[in-house]
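Please model the complete structure; the sequences and the hints are all you need to start from.
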Amino acid sequence: MSILEQINCFSDRFGKSVSVDHTNWRYYRLGAGTPILWLTGGLRRAALGFAFMERLARRHVVITLDYAPVQSIDELFTALDTILQIEGITTFTLAGQSYGGMLAQAYLAHQGTAVERLILSSTGPVTAIGKVWLPVMSIVIALARILPEKNVKKLLAGELLKHIDVPAAERAEWLDIINGILQNDLVRADAVSHFAVATDMLKRGWVVPAAYQNWTGRIIVLSAKNDPTQRKEDFPRYEKLFGRPVEVLEMGSLGHTAALFDPDKYVELLEQVLV
Numbered sequence: 001m002s003i004l005e006q007i008n009c010f011s012d013r014f015g016k017s018v019s020v021d022h023t024n025w026r027y028y029r030l031g032a033g034t035p036i037l038w039l040t041g042g043l044r045r046a047a048l049g050f051a052f053m054e055r056l057a058r059r060h061v062v063i064t065l066d067y068a069p070v071q072s073i074d075e076l077f078t079a080l081d082t083i084l085q086i087e088g089i090t091t092f093t094l095a096g097q098s099y100g101g102m103l104a105q106a107y108l109a110h111q112g113t114a115v116e117r118l119i120l121s122s123t124g125p126v127t128a129i130g131k132v133w134l135p136v137m138s139i140v141i142a143l144a145r146i147l148p149e150k151n152v153k154k155l156l157a158g159e160l161l162k163h164i165d166v167p168a169a170e171r172a173e174w175l176d177i178i179n180g181i182l183q184n185d186l187v188r189a190d191a192v193s194h195f196a197v198a199t200d201m202l203k204r205g206w207v208v209p210a211a212y213q214n215w216t217g218r219i220i221v222l223s224a225k226n227d228p229t230q231r232k233e234d235f236p237r238y239e240k241l242f243g244r245p246v247e248v249l250e251m252g253s254l255g256h257t258a259a260l261f262d263p264d265k266y267v268e269l270l271e272q273v274l275v
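1 is the number of the first residue of the sequence shown in our numbering; add one for each residue after it.
These are calculated hints, taken from the structure and not from any lab test. Accuracy of the hints is not assured; some may be wrong.
To be verified - Calculated pairs, SDA-like style, for lysine to any residue (alpha carbon to alpha carbon, straight line, at most 25 angstroms): (1) K203 / I146; (2) K16 / G31; (3) K203 / E239; (4) K16 / R55.
What the hints assert, rightly or not - Per label pair, the in silico range of CB-to-CB distance: (5) E170 / E268: 15 to 25 angstroms; (6) I146 / I86: 36 to 46 angstroms; (7) R171 / K150: 15 to 25 angstroms; (8) L143 / K265: 33 to 43 angstroms.
Backbone N, C-alpha and C fix where the C-beta goes; we use that ideal spot for every residue, glycine too.
Quick look at the structure:
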């Protein structure tokens with residue numbers, strides 16, 4: 001099967017839908033074992049990670065979701081709470097990649113007692129962004145609301161495509177798939193939501209040291225040496241945020257999207273910290 005056919009097959013096999021406060025959410029449950037809630041990156045469609053999730057599901061229940069075009073972090077929290085309740089998940093590993101790692105830091109502050117460990121892959125501490133960026137993000141949101149939709153999609157594509165790492169032999173196919181999602185699936189509201197949820201999270205001050213004072217779970221950061229979105233300054237910032245050292249797991253040269261670049265190796269690394 002082509003990659004697109006495998007994505008569609010994954011979606012058909014494991015996809016579910018739930019309406020939360022009049023918003024429809026698409027989510028996925030697969031596997032058996034200890035539960036992992038996985039928050040996908042800025043491409044917003046979790047099924048793109050079908051290959052690594054199917055491998056991860058050999059030993060774990062994997063819950064993941066597509067991002068609906070909501071405007072606030074509370075709407076995302078409510079959707080996640082609802083999905084976990086429906087699926088009977090009370091304690092879990094919380095993991096997030098890139099944009100999803102930022103959201104995971106906020107969700108940990110919201111659901112800390114249920115989270116056994118936090119895994120952050122190819123993402124930096126939210127505190128590295130800071131409220132100083134709020135005026136800029138507000139301008140971006142305003143532009144996303146008024147510009148022609150094709151320009152808005154170019155704005156989102158420019159934000160996302162520059163950090164896609166996939167095998168060279170599959171690159172053309174992956175870029176066709178991702179461009180297809182950007183052009184035919186995602187709409188203006190998704191672009192607005194991408195920035196609006198992050199902005200709301202910053203305004204509300206969810207990710208601050210005080211939020212984690214009573215949480216004692218493990219913190220694991222997966223980092224690739226060829227990922228330009230992570231900096232050496234991130235690690236002391238993480239320690240300041242969580243009030244203790246974090247475990248760093250080196251991913252070598254798997255890049256920003258390790259789950260697409262080498263799903264077998266990525267899951268092998270994840271299993272090292274899921275024991």
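Results of checking the hints against the structure:
Distance restraint check for K203 and I146: the Cα-Cα separation of roughly 22 angstroms lies within the 25 angstroms cut-off, and the hinted pair is therefore satisfied. A distance of roughly 14 angstroms separates the Cα atoms of K16 and G31; the hinted pair therefore holds under the 25 angstroms criterion. For the proposed pair K203 and E239, the alpha carbon gap of about 22 angstroms is at most 25 angstroms, so the pair holds. A hinted pair counts as satisfied when its Cα atoms are at most 25 angstroms apart, and K16 with R55 qualifies at roughly 20 angstroms.
Separation of E170 from E268 is about 19 angstroms and conforms to the stated range, judged on CB atoms against 15 to 25 angstroms. Between I146 and I86 the C-beta distance comes to about 37 angstroms, which sits within the given range of 36 to 46 angstroms. Taken as a hint, the range 15 to 25 angstroms holds for the pair R171 and K150, whose Cβ atoms sit roughly 24 angstroms apart. Between L143 and K265 the Cβ separation comes to about 39 angstroms, which falls inside the hinted range of 33 to 43 angstroms.
When held up to the earlier numbered hints, the structure conflicts with none and fits them all.
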